[in-house]
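First to last, the sequence lines map onto chains A and B. Per this note's numbering, the first sequence starts with residue 4, numbered consecutively. Per this note's numbering, the second sequence starts with residue 100, numbered consecutively.
Honestly, the hints are just simulated from the structure, not real lab data. Being a predicted model, the structure only gives us computed values, none of them experimental. Treat the hints with care, since some could be wrong.
[Said to hold, decoys possible] Straight line, CA to CA, 25 Å or less: simulated PhoX-like cross-link-like pairs of lysine-lysine:
id, chain 1, residue 1, chain 2, residue 2
1, B, K108, A, K6
2, B, K143, B, K108
3, A, K6, A, K76
4, B, K113, A, K76
5, A, K6, B, K143
6, A, K76, A, K19
7, B, K108, B, K156
8, B, K156, B, K143
9, B, K143, B, K113
[Said to hold, decoys possible] FRET-style restraints, in silico, Cβ to Cβ:
id, chain 1, residue 1, chain 2, residue 2, range
10, A, Q86, B, Q116, 39 to 47 Å
11, B, D155, A, E64, 27 to 35 Å
12, B, E158, A, H119, 48 to 56 Å
13, B, G102, A, G55, 30 to 38 Å
14, B, K143, A, D32, 16 to 24 Å
15, A, K19, B, E158, 25 to 33 Å
16, B, G139, A, G55, 23 to 31 Å
Glycine included, each C-beta is placed from N, C-alpha and C at the ideal position.
Each chain is listed here by its residues.
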Amino acid sequence: AQKITQTQPGMFVQEKEAVTLDCTYDTSDPSYGLFWYKQPSSGEMIFLIYQGSYDQQNATEGRYSLNFQKARKSANLVISASQLGDSAMYFCAMRGPFSTSYGKLTFGQGTILTVHP
Amino acid sequence: NAGVTQTPKFRILKIGQSMTLQCTQDMNHNYMYWYRQDPGMGLKLIYYSVGAGITDKGEVPNGYNVSRSTTEDFPLRLELAAPSQTSVYFCASSGQGPPLHFGNGTRLTVT
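Here chain A stands alone, though its shape is the one from the complex:
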């Protein structure tokens, strides 16, 4: 069974500062994928970034990067130069090998990020 843990219910950051949102996972599969989604107050789920378990480099997408530490089973999201529009709920999620998981995601409980001006 897979498990995702987000231990920070809420985080605060000053505008233009960087922030790290924590995510740890547990799985016995050697092949898996890790995702981060953003959910603003309007409610939609916005895909941010993906990391495959065999990817050698940490994933980056603009201001978002995923700090992947395989041995520690952590997949922290780093947002650089925070903006007011980054205030939202952030979910970490994972799936097992696509051949058996069929893309099904297991989600963490989320972290609410508030960016202060």
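Take the given structure of chain A and dock chain B to it, following the hints.
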């Protein structure tokens, strides 16, 4: 460029009523999913489908049914609505690779 479309956006049901949440995608994705999100929580998988005619249960399937007669459509049926089914429902679809593409959700209240 519609992606995943869910209807309705909001619905209020009385206990014991039934309804169908509609979901359609225009990306020709084989894989489709229904999740529910309770207040302040993460998403939990209700049902999923790997192609037309093939569906399977997720983590929280009780009280729900699905069908997949076409690649595009994946409706979720609630029979005998209960207050515990008050939630936000998300439909999603996926091709062979990441990510999952989500619809904008249906907010359901059962009173």
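Where does the structure disagree with the numbered hints, that is, which hint numbers, in rising order?
1, 4, 6, 12, 13 and 15
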